[in-house]
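Colleague: Sequence:
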Amino acid sequence: MLYGFLADALLVLHVCFALFIVAGLGAIIAGRILDRPWVRNRWFRGAHLAAMGIVLLEALAGWVCPLTRWEYQLRQLAGRDPRYEGSFMHYWAEKLFYFTWPDSAFTALYTVIFLAILLCLILVPVNWRGK
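Each step along the sequence shown adds one to the number in the numbering used here, with nothing skipped, and position 77 is 127.
For the record, the hints were derived by calculation from the structure and aren't laboratory data. Note that beta-carbon positions come from the ideal geometry of N, C-alpha and C, so glycine has one too. Where hints are given, some of them may not hold.
Okay, the calculated beta carbon distance ranges per label pair [stated by the list, open to error]: (1) P152 to R119: 18 to 24 Å; (2) P87 to P116: 33 to 39 Å; (3) L84 to G129: 45 to 51 Å.
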């Protein structure tokens, strides 16, 4: 039972990580439009860029996300079927939104999102020196 709870908690963490990337990009754009100073925060922007960079690197290298791997292991210890069909995003996109894309389409999507984040670094410059 503990392993099942931990697997579910890890799933929630994984979803929060994905939401940080997607909502973070939207927040940067909205923050720029609304002229909010927090949008230039170096810690937020650095963490956001790094998070998407890690996702893209994993996809390009064909690696399974460590969060997915750990969730598999915990589900297996809990006596549940640990595997997704395809990647974490592929599985949940199909379950929640009823569309099926190959993993290569998600890699292309991750590339576009990463490039959008890089473009935002130019269009909405970060205050790297602090105040």
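Colleague: Each hint should be assessed against the structure and marked as holding or not.
Modeller: Now for the hints, and whether the structure bears them out:
1. Range check, P152 to R119: about 21 Å between beta-carbon atoms, so the 18 to 24 Å window is met.
2. Range check, P87 to P116: about 34 Å between beta-carbon atoms, so the 33 to 39 Å window is met.
3. Taking the beta carbon of each, L84 and G129 are about 49 Å apart, inside 45 to 51 Å as hinted.
Hint compliance for this structure: every hint is met.
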